[in-house]
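Got chain A; can you put chains B and C on it based on the hints?
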Amino acid sequence: MASTLADLAARFGGELLGDGKVVIRQVAPLERAQPDEIGFVSQARYLAQLAHTRAAAVILPPDARDATGLPRILTPNPYLYFARVSALLNPPARPPAGIHPAATVAPDAVIADDASIGAGAVIGSGAAIGARTVIGPNCVVGDHARIGADCLLHANVTVYHRCEVGARAILHSGCVIGADGFGFAPNAGAWEKIPQIGRVLIGDDVEVGACTTIDRGALEDTVIEAGVKLDNLIQVAHNVSIGAHTAIAACTGIAGSAKIGRHCTIGGAAMIFGHIEIADGTRISTNTLITKSLPRAGTYTSALPFSEHEVWQKNAVHMRNLDKLVTRVKDLEKKLKELESKS
Amino acid sequence: MASTLADLAARFGGELLGDGKVVIRQVAPLERAQPDEIGFVSQARYLAQLAHTRAAAVILPPDARDATGLPRILTPNPYLYFARVSALLNPPARPPAGIHPAATVAPDAVIADDASIGAGAVIGSGAAIGARTVIGPNCVVGDHARIGADCLLHANVTVYHRCEVGARAILHSGCVIGADGFGFAPNAGAWEKIPQIGRVLIGDDVEVGACTTIDRGALEDTVIEAGVKLDNLIQVAHNVSIGAHTAIAACTGIAGSAKIGRHCTIGGAAMIFGHIEIADGTRISTNTLITKSLPRAGTYTSALPFSEHEVWQKNAVHMRNLDKLVTRVKDLEKKLKELESKS
Amino acid sequence: MASTLADLAARFGGELLGDGKVVIRQVAPLERAQPDEIGFVSQARYLAQLAHTRAAAVILPPDARDATGLPRILTPNPYLYFARVSALLNPPARPPAGIHPAATVAPDAVIADDASIGAGAVIGSGAAIGARTVIGPNCVVGDHARIGADCLLHANVTVYHRCEVGARAILHSGCVIGADGFGFAPNAGAWEKIPQIGRVLIGDDVEVGACTTIDRGALEDTVIEAGVKLDNLIQVAHNVSIGAHTAIAACTGIAGSAKIGRHCTIGGAAMIFGHIEIADGTRISTNTLITKSLPRAGTYTSALPFSEHEVWQKNAVHMRNLDKLVTRVKDLEKKLKELESKS
Numbered sequence: 019m020a021s022t023l024a025d026l027a028a029r030f031g032g033e034l035l036g037d038g039k040v041v042i043r044q045v046a047p048l049e050r051a052q053p054d055e056i057g058f059v060s061q062a063r064y065l066a067q068l069a070h071t072r073a074a075a076v077i078l079p080p081d082a083r084d085a086t087g088l089p090r091i092l093t094p095n096p097y098l099y100f101a102r103v104s105a106l107l108n109p110p111a112r113p114p115a116g117i118h119p120a121a122t123v124a125p126d127a128v129i130a131d132d133a134s135i136g137a138g139a140v141i142g143s144g145a146a147i148g149a150r151t152v153i154g155p156n157c158v159v160g161d162h163a164r165i166g167a168d169c170l171l172h173a174n175v176t177v178y179h180r181c182e183v184g185a186r187a188i189l190h191s192g193c194v195i196g197a198d199g200f201g202f203a204p205n206a207g208a209w210e211k212i213p214q215i216g217r218v219l220i221g222d223d224v225e226v227g228a229c230t231t232i233d234r235g236a237l238e239d240t241v242i243e244a245g246v247k248l249d250n251l252i253q254v255a256h257n258v259s260i261g262a263h264t265a266i267a268a269c270t271g272i273a274g275s276a277k278i279g280r281h282c283t284i285g286g287a288a289m290i291f292g293h294i295e296i297a298d299g300t301r302i303s304t305n306t307l308i309t310k311s312l313p314r315a316g317t318y319t320s321a322l323p324f325s326e327h328e329v330w331q332k333n334a335v336h337m338r339n340l341d342k343l344v345t346r347v348k349d350l351e352k353k354l355k356e357l358e359s360k361s
Numbered sequence: 019m020a021s022t023l024a025d026l027a028a029r030f031g032g033e034l035l036g037d038g039k040v041v042i043r044q045v046a047p048l049e050r051a052q053p054d055e056i057g058f059v060s061q062a063r064y065l066a067q068l069a070h071t072r073a074a075a076v077i078l079p080p081d082a083r084d085a086t087g088l089p090r091i092l093t094p095n096p097y098l099y100f101a102r103v104s105a106l107l108n109p110p111a112r113p114p115a116g117i118h119p120a121a122t123v124a125p126d127a128v129i130a131d132d133a134s135i136g137a138g139a140v141i142g143s144g145a146a147i148g149a150r151t152v153i154g155p156n157c158v159v160g161d162h163a164r165i166g167a168d169c170l171l172h173a174n175v176t177v178y179h180r181c182e183v184g185a186r187a188i189l190h191s192g193c194v195i196g197a198d199g200f201g202f203a204p205n206a207g208a209w210e211k212i213p214q215i216g217r218v219l220i221g222d223d224v225e226v227g228a229c230t231t232i233d234r235g236a237l238e239d240t241v242i243e244a245g246v247k248l249d250n251l252i253q254v255a256h257n258v259s260i261g262a263h264t265a266i267a268a269c270t271g272i273a274g275s276a277k278i279g280r281h282c283t284i285g286g287a288a289m290i291f292g293h294i295e296i297a298d299g300t301r302i303s304t305n306t307l308i309t310k311s312l313p314r315a316g317t318y319t320s321a322l323p324f325s326e327h328e329v330w331q332k333n334a335v336h337m338r339n340l341d342k343l344v345t346r347v348k349d350l351e352k353k354l355k356e357l358e359s360k361s
Numbered sequence: 019m020a021s022t023l024a025d026l027a028a029r030f031g032g033e034l035l036g037d038g039k040v041v042i043r044q045v046a047p048l049e050r051a052q053p054d055e056i057g058f059v060s061q062a063r064y065l066a067q068l069a070h071t072r073a074a075a076v077i078l079p080p081d082a083r084d085a086t087g088l089p090r091i092l093t094p095n096p097y098l099y100f101a102r103v104s105a106l107l108n109p110p111a112r113p114p115a116g117i118h119p120a121a122t123v124a125p126d127a128v129i130a131d132d133a134s135i136g137a138g139a140v141i142g143s144g145a146a147i148g149a150r151t152v153i154g155p156n157c158v159v160g161d162h163a164r165i166g167a168d169c170l171l172h173a174n175v176t177v178y179h180r181c182e183v184g185a186r187a188i189l190h191s192g193c194v195i196g197a198d199g200f201g202f203a204p205n206a207g208a209w210e211k212i213p214q215i216g217r218v219l220i221g222d223d224v225e226v227g228a229c230t231t232i233d234r235g236a237l238e239d240t241v242i243e244a245g246v247k248l249d250n251l252i253q254v255a256h257n258v259s260i261g262a263h264t265a266i267a268a269c270t271g272i273a274g275s276a277k278i279g280r281h282c283t284i285g286g287a288a289m290i291f292g293h294i295e296i297a298d299g300t301r302i303s304t305n306t307l308i309t310k311s312l313p314r315a316g317t318y319t320s321a322l323p324f325s326e327h328e329v330w331q332k333n334a335v336h337m338r339n340l341d342k343l344v345t346r347v348k349d350l351e352k353k354l355k356e357l358e359s360k361s
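Protein chains in written order, with this note's numbering: chain A, 19 to 361; chain B, 19 to 361; chain C, 19 to 361.
Keep in mind that a hint or two might mislead.
Note that the list lumps identical chains together, so a pair holds whenever it fits in one copy or between two copies.
Dumping the calculated DSSO-like pairs for lysine-lysine here, alpha-carbon to alpha-carbon at most 27 Å [said to hold, decoys possible]:
id, residue 1, residue 2
1, K342, K355
2, K332, K310
3, K277, K310
4, K360, K348
5, K348, K332
In case anyone wonders, no lab produced these hints; they're calculated from the structure.
Excised from the complex, chain A in its bound form:
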């Protein structure tokens, strides 16, 4: 793939300055760009990189129009523009349409003619695979599951029976959609399984990271709305709902029936209690435990600053006596007041 700078501007907009016939073959960071590559700067503090770059061209915000003599495109959001140029120059490899001879597809599954089912993939009874969707090698799509159009399931993805995935979803290897939620009734010291008869419903334009697990609902469905982006190794328990366009970083866990709002961003290794509600637009910091509902958007944190080990140990041990310390301070305040009144 290659494109001239003028072609890029025609396709994606922006103001072109300089030689539009320059040929762009790839995107790259400015400091290592080759003479057929394009870079970008979105923040003023990185403009200095322009002095030494070998890039063919650069994408800049309008107020940096004079920061270089290189061929350039001016646009209010250089990072987004760069992403689109990259997507144009790096189209995902598409395996040929059709069912690989080493795949196993149930006779009553409905596979779009232009879908691609990889070697070793197994598609269950009554399942439906949408137009142009790619099911990677060794994926398993359960009975009566539905995968929309233009999806990409990388290798070794598992979608359990009856779960549904919207259009343009990307599911990464090892992710598991629709395993049973963790539900048991205690009975005389043992646990009896509560059948998990809900589904997982995933909207359009969702991306799910590697080895992320989204459990099916107990009675009702687990719901991931459109545009949600989930990183790797995230646990989404049964009956959770995640609002549209929320992004969640890796290693986070969300307990059962939590209701996460839209447009939230949740840092890595956050843990969110079950049966709580989180307002639209909330930000949760890395390593933060959310133990109750957050009715107002804001940024919430419970992560501690680290120290050198010996320093940390010396300080942390007092956590075990913080209540006594507070009592001691109260006591001091009282006694001091008495002394002051006497003097």
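Just chains B and C now, with coordinates in the frame of chain A:
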């Protein structure tokens, strides 16, 4: 599947009040139950839902016998009863017995006649698969591994060589049983691998969540006793033992050779040090780090309450000077005493 | 496999004392060793175990030469010696060389003659598999990926297109090498995907645990240097680099573009911010959050000691008022000073 209320009472016990001929086709939460569905109430505070439900019938504790005029079954544990009704009405889909033509089974593996081996599954040399057990598509069961009767391995499960799983186990997709424990001997700045020659032994009635990993023992075995329930994305290191009927929520990690008692409940994202022992019946809270043995049952916690970010930062920074703060308080106490003795 | 003690000493060195003709069939912990097994003691406090062992022989440090009358080998590092004896006596089962008939290998993939490709494995176009390497059942190796010589990919491993793995790597089941990094540009409330066009490059002698995920770089590569050991369920984000011989315990997460030094050890469930650098030889404790660069080696910690739940709650609540507490102490100090100056 459907059943009359009278049939349910005949099968599962309890006291039937009202029309036993009512037909029940599904379980549902009371607030959205349809006229052929049954709900339950286990706690008095939810009895108000009875006023507006469309459910055909309801399961209630004995002291709520007069809370509704609906057909009802009275039983001391409505949730458990509900679970059993749900299991009756929602039997897991069973693939047909036999070895799928797209499976690969070693000639000397012993597969029960009524077991089901899915498409793409690979069963190793000398492995044994018990009666009525279902091995899902693309599962891999290693050489000389043994899976008991009535187990359900969902798609894409991996069981390494020589590991053993008892009867009625449910293993969810992506879980890995028997990978090597993390054991290395340092040698001149590099690590030399310690062969992990133990196994994983899993008892009867165990459930293992999606993408949970249970490592094989270094010299002896990793042991998961009967009735243990493990949620998703849990790490169980080599030589750990987990006592019967312990339940562990998602994202928890248990380091090597830890010995967890029976009937424990461990919250999500807990971390448990290696080489420690935890008493039977212990409860560990979400996000809690257990650094030493717990010889007495109890509830243990180390999770911090979150705050709004700015508030949190202002407070948390003092963690780094807690020891100095304690010294300052001590100093104040001493000086105040001196002043008091003077006045 | 079996070996005489004399053969072991000839092969691995050390000073042999006692009957060299003793036959050793297995390694074992001293307390349960059988009469054809060998144990070891590396620390003086475990020498007492020698009194009651049934082991055929034992590996000891030189200063314990007289601690037993058993046949023994003296060596400065008994644990390492034991590891090597174990590796000799427990060679990994090697499947036969060649491509299993149920594997799917692209016509233009280059597979070493003595490599072994398991049932259900899928090898992409232009991929290369090195000499003596074993690709386990149902693994997927993407287009143009390269796996070096003498590697072992256990079942159900996924390596994405264009990623590279050095010699003698061990990849455990469920691990995912080369999924897309988590990169999106915000656009009017939605997220637009940044193509992840870098690769994952893994050096020689690396081990990757079960369900560990290593994302491909956004523009440049994610790099895992030689000798790195990664436990299970670890997240390595895009553009991370991990220096040679660093070992990382399970459930740890490393955010994008972090640069971890060589010879570091990182405890379980640690979380490391993105875009920071960690010095060679650094140690990070379990459950510790590293929020900024660590330019000097040392041990760093932010994990809290647990307490019984009620005690913990009583103390932890004060975290929310720590800043006020410090102000109160300051105030006390000031007032006390005033009083002292008066008295």
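| query | Among all the numbered hints in the text so far, which are the ones the structure does not match? | reply | none
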